[in-house]
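Trainee: As you go down the protein sequences, you meet chains A and B in turn.
Note that this note's numbering gives residue 106 to position 106 of the first sequence, counting from 1, and the numbers run on in steps of one.
Note that this note's numbering gives residue 1059 to position 59 of the second sequence, counting from 1, and the numbers run on in steps of one.
FYI, nobody ran anything at the bench for these hints, they're computed from the structure.
Quick caveat, the model's predicted, so the values are computed rather than measured.
Glycine included, C-beta positions come from ideal geometry on N, C-alpha and C.
A few of these clues could be false.
[As the list claims (entries may be wrong)] Some chain A residues close to chain B (C-beta under 7 Å, calculated; not the full set):
(1) A29
(2) S32
(3) E43
(4) P44
(5) L46
(6) I91
(7) T93
[Claimed, not checked] So the derived label-pair ranges between C-beta atoms look like this:
(8) A:D39 / B:E1052: 31 to 41 Å
(9) B:E1083 / A:S52: 40 to 50 Å
(10) A:Y51 / B:I1012: 36 to 46 Å
(11) A:P14 / B:G1016: 31 to 41 Å
(12) A:D57 / B:T1110: 35 to 45 Å
(13) A:Q108 / B:L1060: 25 to 35 Å
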Amino acid sequence: RKEVEQDPGPFNVPEGATVAFNCTYSNSASQSFFWYRQDCRKEPKLLMSVYSSGNEDGRFTAQLNRASQYISLLIRDSKLSDSATYLCVVIRTGTASKLTFGTGTRLQVTL
Amino acid sequence: DTGVSQDPRHKITKRGQNVTFRCDPISEHNRLYWYRQTLGQGPEFLTYFQNEAQLEKSRLLSDRFSAERPKGSFSTLEIQRTEQGDSAMYLCASGGWSNEQYFGPGTRLTVT
């Protein structure tokens, strides 16, 4: 079983739709959580950190449920420019902050 | 540009040749990481430096791979006797005092 699991998608949604991605992690010692965005053949870019209280950045909302070991990302009012792969990332305690990535969920926003 | 830079961006080499990649992290960051990404997968950790000290290496990093960060600034990753399975995107990331890491554009290696 992979340490970080995501539905690979693709999620095809029309512009303006709301879409949610989920991610589960297997190691309860995970301490930090992130969503990265990766465009085709480009490097991952940090989208947002995820906090236990939940956090929002514009159209993006991230939630963490430590009891269920579950992380989510909600994108409201999808734009064409949101089309990308969204990578769920965790850091385990005591691992020198090395990132453990899921395989990513591909989003395609269409007209 | 104050972000992470990597050189070269693309490298095509024949099997058996040695290659070296360079990473220049964000200047005030003391942590530097190397990751490798293959098609359809998320990046996988290879190795980590804090300043000039290499503190962790993944089991993915065979003895053909070596990394250095001699003065705690830029880092190099060398692959000796390349194999076709080494074909991947090699990503460098740097981090400061928080857990956040910022990636360079990567070096895409193709071994023919």
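Trainee: Hint by hint, which ones does this structure get wrong, listed from lowest number up?
Mentor: 1, 7 and 11
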